[in-house]
Structure formats: C-alpha cells, structure tokens
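There are 2 protein chains.
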Amino acid sequence: MGKAIYFFGAGHADGEHSQKELLGGKGAGLAEMTRLGIPVPPGFTITTEVCNEFYASGGKLTDALKTEVAATLERVSAIVGTRFGDAQSPLLVSVRSGARASMPGMMDTILNLGLNDTIVAGLAAKTGNRKFALDAFRRFIMLYSGVVLEVPRDKFEHALVSARRKAATDLGIDPSRYTSAELERKVPDSKLDEPALEQLIAEEKAIVLKETGKPFPEDPMEQLWGAIGAVFRSWHNPRAKVYRAMHDIPENWGTACNVQAMVFGNLGDDSGTGVAFTRDPSTGEKRFFGEWLPNAQGEDVVAGVRTPLPVSKGGGDDANSLEVKMPACYTVLVDIYQKLEKHFRDMQDIEFTIQSGTLYMLQCRNGKRTGKASVRIAVEMAREGLISEKEAILRVDPSSIDQLLHPSIDPNAPKKFLARGLPASPGAASGHVVFHADEAERLAGRGKPVILVRAETSPEDIHGMKAARGILTARGGMTSHAAVVARGMGKSCVAGCSSIAIRYETSEMHISVYDSAGHPAETVVVKAGDMITLDGGTGSVFLGAVPTVPAALSGEFGVLMEWADKVRKLRVRANADTPLDARTARNFGAEGIGLCRTEHMFFDDERILAVREMILAGDQAARKQAVNKLLPFQRADFVGVFREMAGLPVTIRLLDPPLHEFLPHEPEQVAQLAQTMGVSRDTLQRKVEELTEYNPMLGHRGCRLAITYPEIYEMQVRAILEAACEVASQGVEVKPEIMIPIAMTKKELLITKELTEKVAKEVFDQAGRTLEYHFGTMIELPRAAIMAHELAEPAEFFSFGTNDLTQTTLGISRDDAGRFLGAYVEAGIFAKDPFQTVDVQGVGALVEMARERGRKTRPNIKLGICGEHGGDPTSIDFFGKAGLDYVSCSPFRVPIARLAAAQVALKLTGAKNESSST
Amino acid sequence: MGKAIYFFGAGHADGEHSQKELLGGKGAGLAEMTRLGIPVPPGFTITTEVCNEFYASGGKLTDALKTEVAATLERVSAIVGTRFGDAQSPLLVSVRSGARASMPGMMDTILNLGLNDTIVAGLAAKTGNRKFALDAFRRFIMLYSGVVLEVPRDKFEHALVSARRKAATDLGIDPSRYTSAELERKVPDSKLDEPALEQLIAEEKAIVLKETGKPFPEDPMEQLWGAIGAVFRSWHNPRAKVYRAMHDIPENWGTACNVQAMVFGNLGDDSGTGVAFTRDPSTGEKRFFGEWLPNAQGEDVVAGVRTPLPVSKGGGDDANSLEVKMPACYTVLVDIYQKLEKHFRDMQDIEFTIQSGTLYMLQCRNGKRTGKASVRIAVEMAREGLISEKEAILRVDPSSIDQLLHPSIDPNAPKKFLARGLPASPGAASGHVVFHADEAERLAGRGKPVILVRAETSPEDIHGMKAARGILTARGGMTSHAAVVARGMGKSCVAGCSSIAIRYETSEMHISVYDSAGHPAETVVVKAGDMITLDGGTGSVFLGAVPTVPAALSGEFGVLMEWADKVRKLRVRANADTPLDARTARNFGAEGIGLCRTEHMFFDDERILAVREMILAGDQAARKQAVNKLLPFQRADFVGVFREMAGLPVTIRLLDPPLHEFLPHEPEQVAQLAQTMGVSRDTLQRKVEELTEYNPMLGHRGCRLAITYPEIYEMQVRAILEAACEVASQGVEVKPEIMIPIAMTKKELLITKELTEKVAKEVFDQAGRTLEYHFGTMIELPRAAIMAHELAEPAEFFSFGTNDLTQTTLGISRDDAGRFLGAYVEAGIFAKDPFQTVDVQGVGALVEMARERGRKTRPNIKLGICGEHGGDPTSIDFFGKAGLDYVSCSPFRVPIARLAAAQVALKLTGAKNESSST
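Protein chains in written order, with the working numbering: chain A, 1116 to 2033; chain B, 1116 to 2033.
Just so you know, the hints here were simulated from the structure itself, not pulled from any lab data. Quick caveat: nothing in here was measured; it's all calculated off a predicted structure. Errors might be hidden in some of the hints.
Claimed, not checked - DSS-like mimics (lysine-lysine), calculated; alpha carbons at most 25 Å apart, straight line:
1) A/LYS1861 - B/LYS1947
2) A/LYS1862 - B/LYS1862
3) A/LYS2022 - A/LYS1457
4) B/LYS1356 - A/LYS1862
5) A/LYS1947 - B/LYS1356
Unchecked claim - Per label pair, the in silico range of CB-to-CB distance:
6) B/ASP1269 - A/GLU1781: 49 to 55 Å
7) A/SER1627 - B/THR1823: 19 to 25 Å
8) A/LYS1531 - B/GLN1790: 38 to 44 Å
9) B/GLN1735 - A/GLU1908: 52 to 58 Å
10) B/GLN1735 - A/GLU1333: 38 to 44 Å
11) A/GLU1908 - B/LYS2022: 26 to 32 Å
Cβ coordinates follow ideal geometry from the N, Cα and C atoms, glycine included.
Model the full structure from these sequences, guided by the hints.
Take a look at the structure:
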C-alpha cells in the first residue's frame, strides 16, 4: 500500500485531480481546487486503498493510520489556528465519503465532529454564539448516532417534535393544529432557543445510552475513528450496493474518506451556504445558475425546509440574490466558477459556504444534467474551443438523448397521479381508455386519441397498438411484448403497472392509489372512454389529459449527430416492418433496414384469414392456394418499404413465429373464427391444441417451418423479389437481403438457399431482368454460433438475434424472466438485465466466436446485430469492439445508436473524454 | 482414380477382403471367397470410386470403362465357357449393388441379364429347357423394366394375374374364387407353361413400349450399361437415403457394382438355392442353421410363396433337408461354412446356389443377429479362441442388449394387433386399461395389473405411472415425459400412438385399425378395464393379455459384463430417485447415483399438499413453515437411498422444475384443491395464472428458485445431510454430492454454496459429527459451459445435463420437437434425433469447452453426464473420447452403458473389432 493520507490546505495539496482512483472524486476535487489557489478549508483524504485494507482486515483501522491522522490534524491546525479536541479553540471537522464515481446520497457524511460538553462551551465562548454552538452539537449527536452508532433516526424524532411543540407554544402557536411536517415549517430549527437546545442535547444523549447501552462518546478522537470506520462501512450499505449494481460500479473500487476543517454558514447574516451550476443543468444555457441560503448550514439547503434564494440576478428574487446581498463574495464566486469550468473543461456543480464574509469552496464536480442540456453544453463548449468535437461526442451519454426524441409531460402542468409502472417506452401520450385492440382501431379511425389498456398484449393486439397513442399494461417487464413493440413503434408505453386491476367484463380498471407513505389511500375507477395520460419516460400514469411539450430536436442535436457520423465505423440500421416505419427510420438517420419482420404483415384483418386458411389446410395444395392469397399483400408491403429505402439495404426476415400465434386461443374467439371459416368448432379447436407448444420459443418456428412447409418461404421470397423487380423497373435502386431465422445447421441454409435461388430464377425470368440480392441468416442459437464456419458457406451475412441468443444461451425466457431477474440484479448475479444490455461474458463470447469462425470461412461476411441490444449504448460499445459492421435498432433509437457508435469508434482510436472522469 | 474393375474367378481375385471401401461388402466377400478356393461364379466388381465419379460427372459411364468391362467379360467367358451376347452359348449375368456397409434390400439387383428373343432361343436349346429359358426372360424383363426403365411394377401385375388365371383354369381351378395373393399360392409361377410364358413376355414388352415410348432393349451390352447405371443411381433412391440417415452411413461412400456370371438353381431337381447362418442368429447357439428350396432362384426364397426347407437335419423336416436330399452338396457346404467362419472370425450369413448338382457360393457376410445371439456368439467365440475377449466386447452392439433386460412378447402366441406407436421404453406388459393416474394407483393397490393410457403424461401422473405395468400415450415422442420417465422406471411404454383417440369423458379409447395396405379397416373401442398388451420394444399394442417371456440374463451376458468392466475407464452410475430405483440400479451394476431428482419425491399424495402450501404462502415465514413439513419426508427418502448405495456416491439434485408444475391446471381440479386448502378458488386460480409460464423450460426453476426462495434448498440440504448423518451413524458409508441445477454464473453457486455450508454446519453441530460431502453443479446451459472456468471455483464437480443443454444449444423444446424432428432427420439436417444421440458438433463442443475450462481452474474436477444420452452407446462413445469421468443413465440401461464404456476404452487404446468391418 502506498501513502495512506493526502493533505490539502493553504494552496498546497499532496494529491491532484488525476488521482481520483485513490482519492475519490471529492478528495481529488478538493486537492485540485487547493492547488488552483481557490479558498478551500484545509483537511486530508484517506485513500481508497485504506478502505480496501479496512475490508481485507475485517474492519480494523491500524495504529499507524491513527498516528498519521493525528499528525495531519496538526497540519490543519497550523493553518486554521484551532486544535482538534482543544476546549478553548476547538477545531471541528466534517467526515465524508467520496468514491471514484459520484454516488449522490448513497454513502454517509458527518458534520461538526469534535464536540463534547466541554468543547461546546469553548466554542460558544470563542464564537460568542452559544446558540450556534449548541445547535451544532445537537445536530452532530443526531447525525453521528445514526451513521456511526446505528441508532435509527426516528428514535430522535419524538424529542425533536417535543422541542418544536414547546417552541411553538412559546411563540404563541397552537402546535396541536399542525402535523409534524407543518410544524417543522412553522418552527424552523433556528427558532429553538438555548434552553430548548440544551434539553434536546440531554434527551439525545439519553436516547443513545438507552439504544446502545453506552454513553455518547465524549472523546473527539474516538468520535473520529468511529466516523472514519462508518464512512468505509457505508461502501457496503444496501443502498450503495444497489446503486453500484445499477451503474456498473465495481465493488473493489472502495471509497475514500475526507476529513476537513468545518466552516460555518450559520454564524449570522454575513454567513451563508449555497450550491450552483456553471451552466443551466436543465437547458444547457450558458448562465451561472445557483441557489443559496443566508445563515444556514449545507444540510438546510437540501432539507427543503427553507426556500433557497437565487445566487444571481435574473432568477426571480433579485433583491435577495447573493449578487445583491454580498456582492464581494459573489465576485469571488464568479471568478472561481469561471476558473473551474475552464480548468475542468466541463460544466461544474459547486458547493460553497460563506463564513462571516469569507467564501470557501467545499466541493466541485462535473454537474449532472438533462439529456437536452448535455447536448447543448457539449456542442457549445466545442464551439467555444474549450473541448474538441471528439470530446463533445464522448461527453453525451447516448441513453440520455432518448428523452429528446419524444414529447414529454409539461412539468408545470397540474396533474392527478394514478399509478406507476415500468418506463417501457418513452414519450408522453394522452387518450381515451380502451380495453380492446379492435375498439382502439375503431375509435382511432374516427380521429379519437386512445390509450390501449391491457393486462398484457399479444401479437393479436398489434393493430390496436398501432392505432393507439400509448399502451398501458398491468403485467410484463421492460422486454414484454407491449414494451418491445411500443419501443419499435416509438409509442409511449407504461408496462407492468401492478396497481391496476383490469375488468374486461365491465370495461373498467380499478387503481389502488397509494399515499406518500406507501399505504393504499383510495381506489380510483377508470372506465372505458375516460381520459388518461402516460409518461413512458418515468412510468407514470395520470388522470385526464395532461398537457405535453413536443420533442424539440435542437440545432445542437443535429450538429452533434453530424460530428458523430463523421467518426463512427459501425453502420446504424433500423428495425422497421412497414413503409411508415422505414420513413421514420430514414428521418432519424438509419442507413438501411437491418430487420424487416414479415410476420407483423400477417396480422392485418384482410390477411389473417388467409394465414389461418393456410394453417388449417389439409394438404400442400390447399396450403399453397391459401399462401398465394397472401402474395399480393406481401409484395405491396415490400414495394413500399423498398421505395422508402431507395439506395439502402433492406434485410427481410422470412416468417419466424410458430403458426399458433396466428390462431385465437379463447373459446369464444375459436367459435367465432370457426363460423367465419366454415369449419367445425371441434376441428379448429383440435388444430389450436395440436399447434399449442409447451415452449413456443423453442418450437416449430423460423426455418423449421420452411423444412416442413416450404411453400410459405417460397411465397415470401417471390413477394420480395417481385417487389424488388417492380421498384427497380421504376429506376429506384433496391438492395434486398433475404434472411433466414433460427438456423443452426448448414443444411437448413442449403435447403432454403436452393428454394430461394429457384424462385429467384423464376421471378427474374418472368420479369425479364435480374437484380442483385443477398442471402444470409440470423445467429440466434448457440449452435449457430458454434457452427458459424459452416453456416458462412451458404450465408453471405450474419445478423445476430441477440434477444433469442440471450434466451437460449442463458436459458431464460424473456417473457417469464420478470419473476426473478429483479432478484438476480439485486443479488449481484447480473449487473444489468441481460435483455437490455448484452451479457458480454456469455452471449458476447458466442458473438465473438461466430465472428471469428464466420470470417475464417468467408472473410468479407457482413456482420450485424438486430436484437433489442442494437439500441443499447453499452451493448453497442461491445458490438463496436467486437468488430461488427452494423447495428440495427428501433427507428427512435437510431440517433442513440449513432452517438454510441461514434463513442466506441473514438475509444478504439484511443480518444478520451478527459473531463468526464472528473 | 485407381483401378476401376476388380476381377474374381477360378481361384484368382484382383481384390481382397480388406478392400471393402473400394469393392463394397459383397464384392470384397466374393473376392475373398474366390481367393480361399471356394467355388464362386466368376465376375467382377466396379469400384465405389467409379460410382462417385458417375455422380460427379452427372451420371455418365466413360468409354474407357465400357472397354474394360467388355474385356473383363471375356475373362469370365474364358472360365465359364459361354459368351455374353452369344446366341448359341449365352453368358447371363447378375448385376448387384454392394456398399461398404450392408444395406439390405435398399438398393437394386438385376438377374438373368443378357437375354433377348434370339438368345432365349439359344439358351433353351443349350439347356434343353425352354420353359426355364422363357421364365428367366420374363423375370428379367419385369425386373429390368422396374429398376432400369422405371416402369412401375404394378403396370405388369395385370398381365401376370391374367396368366395365372388362365393357368388356374387350365388346372381346373376357378380363379374367381380367390384373391390375387391366394391365386399366387395356388398357381406358383412354376405352373405357367411355355405358351403362357411366351404370352407374358409379349405383353411385358408391349407394356414397356407403352410406358417408355421405346421398345425393350434387345442389345445385351445396352442392357448391361443400363443396369450398371441403375445400380449406381440406386445409391440415391429415397429408401437408401433414409436408411443411411438412420444408420449414420455417409453419402460419399457410394456403392460398388458387381457383375457376375449367373448360376441357376431352377434347372431341375438337382438344382436349388438357399441361405444359411453359421450359428443360430436368434439364440446364438452354435449350430448350422439355414433354409433352401429345390429348383428355385434366389428371389423365390425371399418372396415367401413357397415354404423353404431346412438345410440341416434336426430342423423339423429332416426328409426334405439338404443334408438328406443332396448329401454331397451338403458336405461341401459344411466344409465351406466352417472355413468361412474360421477365416472371417464371425458368424456368417451365406447364400448358395446349386446348379445341376454343383454348389456355388453367391455371398457371405457377417450375419445379423438378435441381441441375445450377439452376446452368446461373442462370448463363445472368445472361449473357442477364435477371437479375443476385447474383440468379444467390441462385437456386441450395446443397443442390442436392451431387449435382453426386459420381458418380451412370446413370438409364438396368437395376438390381435391394435396399433403401433413409438417404441419408447422396451419390455412387454399386459394390464387393464385405466385413464387416470389415481385410478391406476387404486387398482394396482388391489393387486390388479394396469396399463395407464393418457393423451400425454405430466409430472402429476408419476404415481400412476409408478403403479402401472406399462404406459401408452397418444401424443409425444421418444423423449416425451412418458417415454423418459418410463425408461427411467424400466417400464414398458408405447408413446405417440396417434391412431388412438382417448375420450376421458366416457373412459374409452377409439382405435383406428389399418389393413395391410394402410387403409383404415375398423374402429376398435377399448373401455377402461379391458385388457391390452404393450410391446415397448416394437411400439405395438395388442388386444387382450398376450403371453410374455421373461428376461433371461444368460450366463454369457454376465461374463461379457465382467469382461467389459475390466477394460472400461468411464464409471457408470444410474439416475435413481427412490430406494427401489437405487436397488435396481445396483443390481444392474451401477457404481453410484449420478442423478437423484428430488422433485419426484414432492408428488406423493401426503407431500403435494405441503408443496402447494409452500407455493401459496404469502410470506417467507409461512413458506418456511410449509417447507419444513416436507423435511421429514425428504430425509426419509434420502435415508433409504443412502442405505441402498452404501459406499457409493449419490448425487442429489436440488429442486429443479418451476413451481407451477405442482399446481393443478384444470378448472375442476383447481376448485377441488381450493376447497381442500381452504383458500378461495379465485386466489388459487390467480396463483396458478401468475405462475404459468410462456416457456417453462426457460423459466423460474432450478437455482433461480433458490435465489428468490432460499428456504426450499435450505430444507433440502438439511434433509440430505441429516439423512447422511443418520445413516453414517449406523456404520454405513455415505457419499453425498449436492448438485445445483440450471446455474450459469459463479455467483449463483456462491450463494447456494454459502447456504449449503451454513446448513451443513448446523446439521453437523447438532449431530455431533461431520462427514464429507461434495458440492457441484449441472452444466445445462450454454452460458454455464462458456463460464465453466468460473463455475469450477465453487463447484467440485460438473454433471452435464445434456437434455437441457441440447434444448438450449439447439433452441429446440424436447416436448414440442415431434412436429419437425422427423422431417429434420429425413432431410438429412440431423443424422439422428439429437435428444437420443448427443449432437457432437454443437452440444459436444460445449461439453468439451466446459471440460477444458473447468479443468483449467480445478484440475481434478469430477465430470459426468446425467442426461438421457448417458444411456446411448453412440453418445457414450463421445463422452468417453471427451474424457469424462462417468455417465449416469436409467437403471435398466446401466449394462448397456457398461458395455459401451468398455468399447470406447478399447477404441481409445487402438483395439479393433477386426471382423465387425466384414
């Protein structure tokens, strides 16, 4: 282990900004600010290595460390002129965690450490402010007891409420008329007088004795060891673990611990505290944006009891702005923030405290921002010359721009919250509630906006989903049918909203609405036709039509996309099944269609009957006849798609799902269909049962259908190539690619390729022209990846179907995984839902194996990916590194993919986002 | 290409027996017999290389070949003294296919080639037997037209029937009273007189002209080219393709073509023809066993119109035996067969023809035999010193001994055939039909033998399957639930019997019985309580109780097993869930239990309620309480198993199936259970729906249950270790191995291992003793194989669950695969059902990857396999080569596995079965 403690103070710091791994973000920021000559209260950082040592040794702090801490405290004393533990001139310190990555609120902080009864008296004498000293002590006891001694915070609540009640009565307020939260606003802690504070301190100490069996530690050094240990321990508290799992932060990073001389913003009206951003974190506008409170400690700003005031003028309350109230301090602050932004080359989130007219900086870090702000800041900083275009590209989290591409709820509109589900597909949408797909289509046809509400959706609901503005389901996860289809359509969707109970019989849903404490407060009944609003970005459902704000693709957004396109190597295609989807995709910058699913085309009312005839056909002749009824429809679909994608490749996947997906399963529907089709109910029912599968995902589907019923693929190939010839004859460039699903053997491909070539010859002979087309396969089964060297003989391209490849490699059904995937992520078994972010170790290994083996046979084989992962930035990073040629994703995610593709290209060439690691 | 033609005749042969690849089995046999000085009509073999050349050139025979054939025919002429195409002294030839492996009846043969009108007259003159000559010609035209000219055989049928009718009338028989089959027996072809034959020849020629548009070829050389081409083409006829697919014969082997001088067994009473085996092919007894017909051609013996006579005395009709009728020929034949068996060191299947008192050999090859005969012959030959013990081991096809281990239908008993399904689990069984598992258990409890008949079975039927003598299902394949469980229990099972329709409402089944032509002949109604008999070895179902013959594990069988055990390296364990299974397994020689499934124990009446309580429990406490009710049952199960397996390892797999398998799904059953459990029907129904999965195979099962409900595995581990301690305290050696299903990450194993160790500590503390146990995992997901290096950190052993690994690697649901696997095997996509024989390229690659990676982390990791493949000889061959430590299979397949394991061990050390390649 290297150096354990890094001192900072009075213009000198042992550490520097590049040492974040060792010092954590906060420690590195404090060191760097100190080096820059910015006023920072002195202190020191205990390294993350010590934290890891602490865990390795089972939770012990060594004597050597204690000696060094004591010595470093002397250096701090030398600067501030007070001494830790000295009753006459006491030095108080804060003890804060600080990991390499920001984990806001996840770990623990202790303020005002170093107080006991004697020292409080000294502090009172020294500051001439006994109330301040007492207030600091009672805050310290409560914080310390909670964090270090693990006394639950609510144990102290009663004492605090009593003190407030007493203070209220003293102020002539009847406390019995208010809830405790109201009372806290009426009687802020500053209204507690000295006797009240003394009483509170005594009560707190009594509570500690009762709860822990030991008196509150009076020795400041003992307090400090306890606090340092608690900070290290907090790295493993449950909140922190979940946060790390969510944000891919490795456990072995550990946290640093910062011990710093306290400065007080609550010493009077010439003191204060505040937070600010160097640019607007919401819009990205270049203006200094912050809030402050006079005579307050940091936690008061966060607590929200007092309303903070603007730092700068132009923020609504100019008279109370820091700029007006303390112009000298403000000038210093402006100077500092400009220096910091220039130095760190990114928008900064800063914390400051003014103690008796002197400004101190307590923290600086890269500020969190909205997607919109992120784009604007990156582009503007590049234009200002602060960063390069490449850095600008690396600055924007691709996931964050999703919100830019959809309309959103007006944040200022009043709304009645109903329920929260999963944010399955972003965007806001209002409409009349309908419970059936047919009804959705009917009402939408009359121009009414509708929201389709279902327990869950199935392929039979597609037309209703298409007609609806948004989809709400009671069951299913982020990768349920509703979620996947809605994202593909770019439609708002809230899925798995378990607090709603749908009663189809009475066309209503019952929603249990919970109060803020999580208890059911009321049951709201929403009937068909009532208006609701979905916020697919947050998963919220509101009653009525809440006003929305349209997507504003700002000018900076377009600029950023242009820059991204210049550097990326991965092509970006879209998954699009219809001419409309294709147009949307092209507008978003798609460079082709990577997956055109032909089965969605089968669900249209006019067609589904022919599909069903085909399924019920007793022999090949009857089947062929039924199939051929579909030919003109499919051809027309493809004509439209090819026209939209003129000049760009279009990969069309032949029929994939098992046939039973096209038959109804409910008895009434079966009866009705039997009548329509003129067959007996029994016959139809038997067929339905015969086709029903135990595990349809692993069933008779994809090219397996072509082995048993070649006429389906024959018709589809004919439709594709006839459409291509038709469009080509109009002078439009067409680039069809025929893709076989679920293949795992060379032989399957040889059989389907022979069929394809036979049909192609017939079509070209008839059309009197030929055109180039490509034949390839999906890689969606482990065996296909393993046998890629053989599959690459007939296949000219591979498209990784990572949805199914994940299902089979991990043995997890996407539709059923909701029951345990949450627990899996929580237990740290998976860092993320493997259906959202590709499992690099397992699925990724097969992708790499297939790439290697496929290229060995056919060096120029084209490799793409068309699963949901194609729109996930982390996955795109992997696919880029794995050397694929393109990714294909939902049209609405194309810009995200373009950006993510640019980022991985930059990373591969060694470019770094030098600031994003602040 | 090397030499195209290999001559044989008069004691000289160009080829020899070792050249089977080039000459085919028949050609090599003829060459070898000629070399041995055995009388063989002279001829020559056109090599398999020529066949491949023929295909490569698109079906052409080269001029060079034609020249060489003509030259070689001259060599034949020189020996026999007749000339091909010579009208005075014609040489007739046979043209037969002959591939490297015997493919009986799959390819084509032409006899009497070289005849036309002129030559027939010459032949008549030379033999002085015009009727013989005409008969030879009309046979030749029909055979040649069918095989070479592709005129369907039935086109000739009418002419032949007319001739027979006329002959019948001439003989004073009224032909209108008989069917054509009966007529053929009444008027065998030998009764056709010369005018009838002449008439027939004329009609046949007319038919050929009409069907092909060309006259029948008169030029013998043209006939010969046609026949050679047809023999080569027959390699690709559909029958041959299917046969090759079934027997793993590569397409590129090709067939040789044998052209040989005809000898005639139908020249009078001093002529004849016959086939014989050098030992009894049914029992293996060392006796010369054959049949012959005087005055007949080879095809007459096969056609079955005349009843053949015994070759040797003691065969029932001594007076007509060859031994008595033609003692000189018989002596020659005995001499030859003894020479051949000694030379080829295996039981021979020989064909001979006696032409006017002279005996000729036409074929010799290793004889097909029953499993029983196979064992006896191998052991006796080894004892005779003819072969070594190792060769004896390699001589017996392990699959063939399956039939020895079960009772079988008495072949001589009269029986009424009802239906044929899949031979899902061997053995014969008779019993009363029952349609419900409960009823099966009830009646069996009263001592009645029952056959459980179901559309398909599910885990809820286990108790009924256990109680039944045999299981019959209307749906499902060789690896359906019924089939797998029945094989595990060693019970007869006929599965997927699609001609039966079960009506549960009326407790009867309707069986469509087909006539020999495949047309439905009648519908038999079998009611509950009626007696039926299953033959699980053939898939036949009979009405009534057909007498059976018990399994006779002959002394030779035991000897062979001993020899096998001496050489094998793979250990053989059994899959056994109960003490009874364990005992059976041990009796069959199992060296431990490789898979003890704990879930079957959950289905017992007393236990299922507690299981259901557990599932319905609202919280962990209630769940724990319900789970603990199961503890004593599980412990008792394990005590029994450990006792039976004293001193041997027992691998126990913790709960594997998804929980919904333990709940009823039919509305009535749900209602009934709700009442029993005192919950509302709605509550139960909701739970059932909530747990229902789209793809249960990929669902919430195996160790995923342990992540969400750790109390289940906790209970199971406790039951295992408490049982182990109890049994150990009685001085019995116990070797428990705890196995985690469906794991794919190290973390899952770490979590379950921690749980295991915690429980172990508690149990050992309480018992006051510790004992050694092992912790390991199944490898049944591709990801588990890929991550084997990590899984091997916590896991001390891997057991490959190749059933599930096949399902996931290939993306095929075992339960649903029946719909297309047949077509897949037929199309040559899979050589065999991958659930019966492991897919070496795909699944095998993952097994090898896991072995390699697992051993890298833990060099001494124990590797086994416990899927259905553990009892399949071809798969065992792979597992042996892959270096696993053991295979585990159904108790009844243990002997098969022991033998297969010995064979792979011998192959790995380079031992060869020198004769089996005859």
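A quick look at each hint next to the structure:
| no. | hint | verdict |
| --- | --- | --- |
| 1 | A/LYS1861 - B/LYS1947 | 16 Å, holds |
| 2 | A/LYS1862 - B/LYS1862 | 38 Å, violated |
| 3 | A/LYS2022 - A/LYS1457 | 24 Å, holds |
| 4 | B/LYS1356 - A/LYS1862 | 15 Å, holds |
| 5 | A/LYS1947 - B/LYS1356 | 49 Å, violated |
| 6 | B/ASP1269 - A/GLU1781: 49 to 55 Å | 50 Å, holds |
| 7 | A/SER1627 - B/THR1823: 19 to 25 Å | 24 Å, holds |
| 8 | A/LYS1531 - B/GLN1790: 38 to 44 Å | 43 Å, holds |
| 9 | B/GLN1735 - A/GLU1908: 52 to 58 Å | 55 Å, holds |
| 10 | B/GLN1735 - A/GLU1333: 38 to 44 Å | 42 Å, holds |
| 11 | A/GLU1908 - B/LYS2022: 26 to 32 Å | 31 Å, holds |
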